[in-house]
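Trainee: Each chain, written out:
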Amino acid sequence: MTQSSIPLLSLITFMPLVAAALILLLPKTSEREIKLIALGASMISLLTTLCVWSRFDPNAGLAFEERWSWIPTLNVDYRLGVDGLSVTMVLLTAIVTPLALLAHWKQDRNVKLFFILFLLLQTGMFGVFTALNFFHWFIFWELGLIPMYFLIKIWGAEDRTYASFKFFVYTLAGSVGILLAFSFIYLATNSLDFLDLRQKAASGELGVAISRLVASIHERTGFHVSASCFGSLLFWGTFLGFAIKVPIWPFHTWLPDAHTQAPTGGSMLLAAVLLKMGVYGFLRIILPIFPDQVHAHVHVLLFLALASIVFGAFAALAQTDFKRLVAYSSVNHMGYAMLGIFATVASAPNVADIANEKSAALNGAMLQMFNHGISSAALFFLVGVIYERTHTRKLEEYGGLRKNMPIYAGILGISMFSSLGLPGLNGFVGEFLVFKGAFPIVTLITSLATIGLVITAVFLLGMMQKVCFGPLNTKWAGLPDMTGREIFIGAVLMFFMFWIGIYPGPMINASNTAVRQLVDLFQTMTVAKF
Amino acid sequence: MEHGEYLQHLARQQWLIPFFPLMAAAIQSLMKRPSRKASGALTIIAMGLSCIFALRAFFATIGGGGQHHEIERAIFNFTWFKFGTTSLGLGFILDPLAEGMAVMVAFVGFWIFVNATGYMADDENFTRFFCFLSLFAASMLGLVVSNNLLLLYMCWELVGLCSYLLIGFWYFKPAAAAAMKKAFITTRIGDVGFLLGIVMLYWKTGTLNLYTHDTLHPGALEQVSALALRNGWWGLSAASTIAFLLFIGAMGKSAQFPLHVWLPDAMEGPTPVSALIHAATMVAAGVFMVGRMYPLFTAEAGSWVLDFVMWVGCITAVFSATIAVAQFDIKRVLAYSTCSQLGFMVMALGAGSVVAGQFHLLTHAFFKALLFLGSGCVIIGTHHEQDMRKMGGLRKYMPITFWCYLIGMLALCGVPPFAGFFSKDEILLSTFHRNKYAWGLATFAAFLTAFYMTRQMFMVFAGKWRGGENDHGHDKHGKHDDHEHGHHGGEPHEVTWNMWLPIAVLSLFAIGLGFFGHKYGEYLGVEGAESVEGKAVVMGASLAVVALGLLLGWAVYGRKTMEHATDEDPLSAALGSLFTFLNRKWYIDELYDVTIIRFTATCGMFFRLVDKSVVDGILHAIAWTAWGISQVFRWIGDEFFINGGFDAGCESVRWEGEEFSKLENGRIQNYFRVLSLGAAILLLIYFFT
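Going down the list, the sequences are from chains U and D. Just so we're aligned: 562 in this note's numbering is position 528 of the first sequence, and the numbers increase by one with no gaps anywhere. Just so we're aligned: 983 in this note's numbering is position 117 of the second sequence, and the numbers increase by one with no gaps anywhere.
Keep in mind that the hints were calculated from the coordinates and are not lab data. Ideal placement from N, C-alpha and C gives every residue a C-beta, glycine not left out. Watch out, some of these pointers could steer you wrong.
Examples of chain D residues lying across from chain U (beta carbon under 10 Å, computed) [to be verified]:
(1) Gly914
(2) Phe925
(3) Arg1054
(4) Met1471
(5) Leu1475
In silico EDC-like cross-links for lysine to aspartate or glutamate, where the CA-CA straight-line distance does not exceed 20 Å [what the hints assert, rightly or not]:
(6) Lys898(D) - Glu990(D)
(7) Lys948(D) - Glu67(U)
(8) Lys948(D) - Glu65(U)
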């Protein structure tokens, strides 16, 4: 473990918060300064993240750790750190946020509040990926929620009230599950530290502690529940919170509404980063802390992942709203990541080199998270670009836009193919690794998941056809092509699509060690302990 | 340098073959629209360089093959990335199968590019067109020289992408926009099988490199004998299962029944694209891949996979030939003929003869490219007319095109001594040994081939020019909205040199290539297992049916050529509704429309409805229940218990101002109440019990 001399991670995390405070002091009218400060702060976070990324040693385990005793009476430390599971997510957040800010460079309604909320959101997102103690992790987790609520509520489209309310209450309801589960875990173990809990879970100490808690509850109240049942309850409570965030079918219906109504930058961050917080929760919390429970219920979980892939794809097929379609594609794509993760948990005694198969699946899931972040951010951005010009999201109202917007069509096409998983672009590598790893372990489910591959192609190509091809809708004859700023945003995202598609080595390298440790956790496990 | 070392040296440079067109594509993607000359030149030069490198490798492989009757194979593998404790490798290969194909692709591609500079001369997106073509050439060459199934698959998909882009090159035509999507999706259905085959192979062998020449870490194809002993699915061995899954991919790409539907629609693309992608090279990728993975297909003796391959090919060959008989679009006839010929190749592979299949692939590439480019010349010469009924008499106006087209047509029909005769004969012979019924059907397909090609020749080149009759007839098939020809609808004319030179060159090969059939077998290193038994019967039958086809074609269409474009097709008069049935392609598209496509759409609507009513319904029910409970609590204990502290906290959220006041009656506050109440109850339970 490396103890960094400069608290880089704190700098990354709190830089946006500081900028938000700074903006608070500015008058409402100095819009340009507000925008520059916001962009500057997220650029500082980005540069610091690049510094962390370049100095990150994947084999060294936890890096850039910061640990100070915070609330000693509760045994809470302020602890930050990145490892293979989080470093790519921090990078993703750092890349996408400035782009989302840039996408709103022309924002003119209530600029001050808008950018403050954006910066708060960014701090929340960074915090979730860097925090290693539940106490402040949960604060960041909720911080990722509240600004987004206001972003949708205030700057959203026509149905914003319903969508924002649904988004807020639904995800908060999920958070309650997490909060309750961790309250009990804290009562049982007197620890809220993720890594500490992980060790306790691996050594069996956590199970013992929970049994003790159950016994004490029985003693005090006479209320009897078996330790294994109680452990499952804790697991399902946590699961609910993360499953809603991911979202896993059937907890996904908030997502199309929220995405469709959110302003462009909000959708970008929501799809690119906020969904990853859910998946990250599985990797950081559920798998290490509830290994037995997740293993015991893995068949249900695998079915839900499959349902996300296939049902999500079919539902996307039937959408007529551009943005809703892209939103549903997120359900489908996160399904692949979940398939990779749950395949890691499943046991398959007959597979020879199972550790490497699982590593492939989990590395694939990690990569899929990053890839989806890039491609969905691009797609939502492009929806925003066209919405700004046409003020419609109805697919049938476009048509032939390639004629007068060739650059737009090109960037949309590349993003679409990245999302579709075309070799040479990023999406393929992640999906292939997931399939490669999951196939030997859960053959039938993986085979059925390929239906999703075909349907994804159907709805994405159909989308492309309706927007860009066919005769030009004369209504849009005078539409201008993308501006320099917009092309820049697209170009940055495309750079990552090509880079990871052609040379995914660095990304996989970064996560591989952490992935292997996680895989080892499930290697020895054949039957659930309780 | 010793020969082996030299081959190794060349294998290290195999990546250069696809590299040049790839660079050309990259440069052109950044080029401005007006730089036509530079763009065309760049593409052609890059392709020429690829061709030179491919030829160099080709001659190197010739050098050794014949002497010790052992395939010379040099490989170059490298690591793409590491994961777990292992790594994923990619690699290039240098062997006769790859080089024969690479030379064909680069050479035919080169001449098609030359032709395209003429065909696309007036198009406003000229640069983009050549960018896509270059990318296509790069992917196709990459596919050919890869020693790794994943790399092959990646190139395979990129080839599909280019096909998508080029079919839809005139994207503003609704038909093209639909065809591009159809092509990509249909082939992707096959690709799912391919992908499953890949991951299964990866699982069972631990590598995707086909050959490694390393006994410690043998390549996938070096483990086939072990794979044949392991269990797969459906009672097959692992080897046969993987072979079957891979073949599903080949069926999509090589347009085999029932996944053939995309290929005829792909003719919406510019004609050079049809020539290059949908006749000569890409569609052959499936056949090539099966040839490359052939050890898997034969590993398990007596599995039904090879029979399946053969019958799919045989059915496709006959089925498409019957459709080709009743088409009027000059390119559609060729498209169905391509389907049919691909069926022949696949059938040969299924019958156990890689040599016959691959050799027909090569000869077919030359004469089909020739025919397609020829049809492109016809289309340009007749000012964008594609309906054969509105042609006629072109021999007089376009003599060079006519003679080249005639050579191509004779080669396709299998008239000796043209190329198609030899390759098709080998296929029929190998099928004859495998299964007499399949051979019979294939011979019938050969008869149909001769017939429909004769029909096409007479309709297009004989008789009198019927195009001028109907002045606006061409509008229906007009290519570009903005494409203005000064002499629209006038007399047909011969095309410029850059269009006829390629077909002239290709016709030399259509004549001469057949004589190398025997040599090609030796070159591929397959021992001459061909028995001469039955050779006379097969050859006699095929000659007879070809002669019959030509004769019948002449009898129906040649004796008395069509007078007017509106005349009824004589065959239509004779066959009646059967002709319509064939003309409408056995109503397969309509069948798919009402079955698979409707089913998929229904599924979509169903899951959309489930989300809206069931999932959200339950959600709303829960929400309303929670709200109801919160109201109850508000009346009972809320007022003094939580109100003070928590509502104050909720009030502080009000800084958001005017917008917030619109929020319906503080639902959020209610929610916080429920949340805090729940937490309070839990804590109470814990501390007071």
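Trainee: Each hint should be assessed against the structure and marked as holding or not.
Mentor: Results for each hint:
For Gly914(D), the interface hint is violated, the least distance from its beta-carbon to any beta-carbon of chain U being 25 Å, above 10 Å. Of the supplied interface hints, the one on Phe925(D) is violated, with its beta-carbon coming no nearer than about 31 Å to a beta-carbon of chain U, more than 10 Å. Annotation: Arg1054(D) was flagged as interfacial toward chain U, and the flag holds, the nearest CB pair being 5 Å apart, inside 10 Å. For the restraint placing Met1471(D) at the interface with chain U, the shortest Cβ-Cβ distance is roughly 5 Å, inside the 10 Å limit, so the hint holds.
Annotation: interface hint on Leu1475(D) holds; nearest CB of chain U at approximately 8 Å, less than 10 Å. Proximity of Lys898(D) to Glu990(D) is assessed by CA-CA distance (about 11 Å); at most 20 Å being required, the pair is judged to hold. A hinted pair counts as satisfied when its Cα atoms are at most 20 Å apart, and Lys948(D) with Glu67(U) does not qualify at roughly 46 Å. For a cut-off of 20 Å, the pair hint linking Lys948(D) to Glu65(U) is broken: about 48 Å separates their Cα positions.
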